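Engineer: From first to last, the protein sequence lines are chains A, B, C and D. The numbers in the first sequence follow the working numbering, run straight up by one, and end at 304. The numbers in the second sequence follow the working numbering, run straight up by one, and end at 304. The numbers in the third sequence follow the working numbering, run straight up by one, and end at 304. The numbers in the fourth sequence follow the working numbering, run straight up by one, and end at 304.
Hints may contain errors.
Pairs count within a copy or across copies, as identical chains cannot be separated in the list.
As the list claims (entries may be wrong) - Listed next, the in silico DSS-like pairs over lysine-lysine satisfying Cα-Cα at most 25 Å (straight line):
#	residue 1	residue 2
1	119	130
2	130	52
3	119	94
4	94	130
5	273	52
6	261	52
It should be emphasised that the hints constitute simulated quantities derived from the structure, not laboratory data. Note that the coordinates shown come from a computational prediction; the quantities given were computed from them, not determined experimentally.
Number of protein chains: 4
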Amino acid sequence: MTTLAALNAMPASDFGAAIAPVFENAPWIAEAVAAKRPLASLTAFHREMMALVGGQSDEALVRFLRGHPRLSPDTLRKGTTAESTAEQTAAGIGALDAATIAKLNVLNAAYDDKFGYPFILAVRCASLPTMLATFERRLAATPEAERAEALMEIEAISWMRLLDRVQPAPTGSLSTHVLDTARAMPAAGLGVELWGQDASGQSICLERFTTDANGASSRDLLGQGRLRAGTYEWRYDTPTYFATKGYPTPARSFLGKISVAFSVWNPEEHFHVPLLLTPGSYMTYRGS
Amino acid sequence: MTTLAALNAMPASDFGAAIAPVFENAPWIAEAVAAKRPLASLTAFHREMMALVGGQSDEALVRFLRGHPRLSPDTLRKGTTAESTAEQTAAGIGALDAATIAKLNVLNAAYDDKFGYPFILAVRCASLPTMLATFERRLAATPEAERAEALMEIEAISWMRLLDRVQPAPTGSLSTHVLDTARAMPAAGLGVELWGQDASGQSICLERFTTDANGASSRDLLGQGRLRAGTYEWRYDTPTYFATKGYPTPARSFLGKISVAFSVWNPEEHFHVPLLLTPGSYMTYRGS
Amino acid sequence: MTTLAALNAMPASDFGAAIAPVFENAPWIAEAVAAKRPLASLTAFHREMMALVGGQSDEALVRFLRGHPRLSPDTLRKGTTAESTAEQTAAGIGALDAATIAKLNVLNAAYDDKFGYPFILAVRCASLPTMLATFERRLAATPEAERAEALMEIEAISWMRLLDRVQPAPTGSLSTHVLDTARAMPAAGLGVELWGQDASGQSICLERFTTDANGASSRDLLGQGRLRAGTYEWRYDTPTYFATKGYPTPARSFLGKISVAFSVWNPEEHFHVPLLLTPGSYMTYRGS
Amino acid sequence: MTTLAALNAMPASDFGAAIAPVFENAPWIAEAVAAKRPLASLTAFHREMMALVGGQSDEALVRFLRGHPRLSPDTLRKGTTAESTAEQTAAGIGALDAATIAKLNVLNAAYDDKFGYPFILAVRCASLPTMLATFERRLAATPEAERAEALMEIEAISWMRLLDRVQPAPTGSLSTHVLDTARAMPAAGLGVELWGQDASGQSICLERFTTDANGASSRDLLGQGRLRAGTYEWRYDTPTYFATKGYPTPARSFLGKISVAFSVWNPEEHFHVPLLLTPGSYMTYRGS
């Protein structure tokens, strides 16, 4: 894994070798973006590369799309790029049961036939049911809408591959903010935990704090490069909070501990997640 | 464990023996409510008994409150009613560390001194931090407010003891209803699971269904006497739902699976829990 | 104005004459749908007609779109269908200032040039700023996306013209339901008013009631054919409700009376509008 | 009307004369707080005075409560302080119909009889139905709870009288922030108006702006001493916003313009009012 600084400093040929696998069979993208350096963030690198993808002629774009491998056990058996092999294998494409393989074959054939290029999906983010549901929905789309979706998936795939290879800029972090909307006041003194995964994928508690007078953590969390792409979870100890505030006795309270699971797609961004809380309801959303 | 029908039919003396332990050292309550039979539900039985508690003279009420044991390792060592022993033991009162015992002693002494009766709490619903937070808050209350709280706790304790002894009426059940508020439509075709505990306290999936055209389960869940007091959890498979509907690609979606934990205090009631869902937010509440 | 029953019973030629003006220069739609009678609702009539529109060949569809008049003072000066004349005039197209006319001319020319048919918009629902904002947005769309939007506008225009000519089926109505989410209970005893417009467009109070024990009106409102397409408003007397419940003294309450404005597009549908209320917040949505 | 600076600088006797009428028949409060000067805000002055009120002995407190005039036409006829006369007159106590007077007499007599002092209410914030609903609710309260409520009303009355006499510190202001929660993004480019009252009580538009890239006004509104206690209203031009963003055609959109009415009780505070918006729902609350 390299760093942004190293990426900006290395010779163009090294840069090409380091970055080319981010897209399937399209080394020209890395070559072209090399000339744009230095860039301030992975987000900026990725935006430049996607602009190159989107700026192609219709004909070149279809050729580019056709350069992608099918999602299929056959692909794995016959061999493809190291990246796609790893991704498809991890998504279980190599271990499907016969009925699912048959279904996938039918979908793949119908898709190629309709659109003229293979079905492209960021499989690292998709469970098998999600994958099949998405496949069926997109098979029914218009060619124009489907091309837009294929490009969005390439955006997702290349972004994740970029994150595998380069340390993101340390600009992202997390925060939460709890309002006790029944009293129109910040929920001060509420115990909060932030959970994520350790290197082996085990759930672990990353941070533990009590909300300050403003109902928030007093600082941003997982900042300075500690935030990673992945899934996180806020856990709010609402029963103790309600007991402390003299809300209905715990024996009769409706809400248990509140857990909010969310995904960080871009670890260079800030993710603010407010919680609007009352003894009988809560709301959460991605804030700004 | 007996049934409502049996409770309504048994001789008054048997009724007294069966029900007296629901309150601490106050067999007269069971005796008096025996004359009100038959009653249609446990809720009705409990309401009648609490009316008797609340209808006492000031003097009798204080005597009744004084009949309750302290929350304390000393109580367990010296012996008290079987019910309180079991509850305090399960809440960990018998295994506190020395610092917590010292703190509890100070709180108990200050409380008795201020209010003239022991601190009463439905410990089955309270973790140790909740218990201490509640104790400190209530110690600061006015005598009148505190008496109201003590009665609410007695209501909770006696209700749980009643549920231990008698099968509730089969009138309660659960339901959920999911609205896709971004589109102002029901969220049809969303996978939902209902989780609870089995007899040994292990989390298990009790029901699994897909929302119908109205965004709901097509029938009430855990009805006909299957609902128990305790904690439950709805789990909504929002990522698959969003993928099926063509909402932002899973790779960039903010929300993970949604989990809503809630408590059923009275299994003779219906608990309706709507979910208002968008790709960037959700709200939940106890509906009606 | 005729009725559904009359529409179902009249000779095909009369039906054609009555219904043809619902679409611009496309009498064949009314002729074809005449054969589908009887139909149970205006909604069903409209769905059948839109299916005919959508089922045309590409070529026929473009011809149909070209049959629509431009939104322009020139159109009014040169003369067009009675319906479009009335709609454009009411939307103020005949009384635009010179700068807006110039802008509209530029937009119209660019649109025709790009898409090959005139810009179609349901102007009865659009203020001038909305109209221009929509025009600019759609001018930037892809041909395929824009064709879908044009059809959605034709759906809106024809639906409103149908409502002008035929009494809708008496199946629609309104309801509201107020939850006091801070207490996890229905908001019983809350004063509610329903406002709409009288025949001359003046705001009037149509219904006034107090929520029942379930937090709702005890019956559906404006049912049995009284609901019209148009804008309505719920007004909730939250200050009196909070005062009655002993919530923070009115002098310090944050929320004033709550007003929720909404549009009824199809008066054959039921519109349920819940309000989730606390002293410091509220949420509203189209329920089901 | 004087200023905070003048209040801090004037001789104690002038201060007493200026501030005494803030409380009914209790000039000692103004005298005692004179010695605490200088203070940084009206909020601080008021907090000091309320601390003096709350610090009285039980006996002195009851005497203080008894110093308040009844809410009654009789009070106005017989004469009372200039302040109470003005407030009761403006609240319509001098122009009640016979039935309401009779009802008020019964309530007043029962209240005095139960609590030993007159019913105290900040009538400037209460409509007649609110006033009667509050009276009935409080008549049923316990003596202790009712004393707390009476003090809260005195807090409200004295605060409003203080605001009549002294310019508040210029620390308060308003802000709003609109999130398009369906897209998990700020609602940029939304037209917003802030409405309030002019000197004669007429509704006027005080500010008009378009939300910036963060979904907010780019500066706080009504700052630097322009915020007054009173009622305000945000008006959001959601239909134009949805049209610009390509949300469902206006003809079929559910939500009309959104209006959020709220009260500013303390013009030295900041009032932040977020709006969480989707095409089918919205939520608002007092933020922080």
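Engineer: Go through the numbered hints given earlier and state which of them the structure violates, listing their numbers in rising order.
Structural biologist: The structure conflicts with hints 2, 5 and 6, although it agrees with all the remaining ones.
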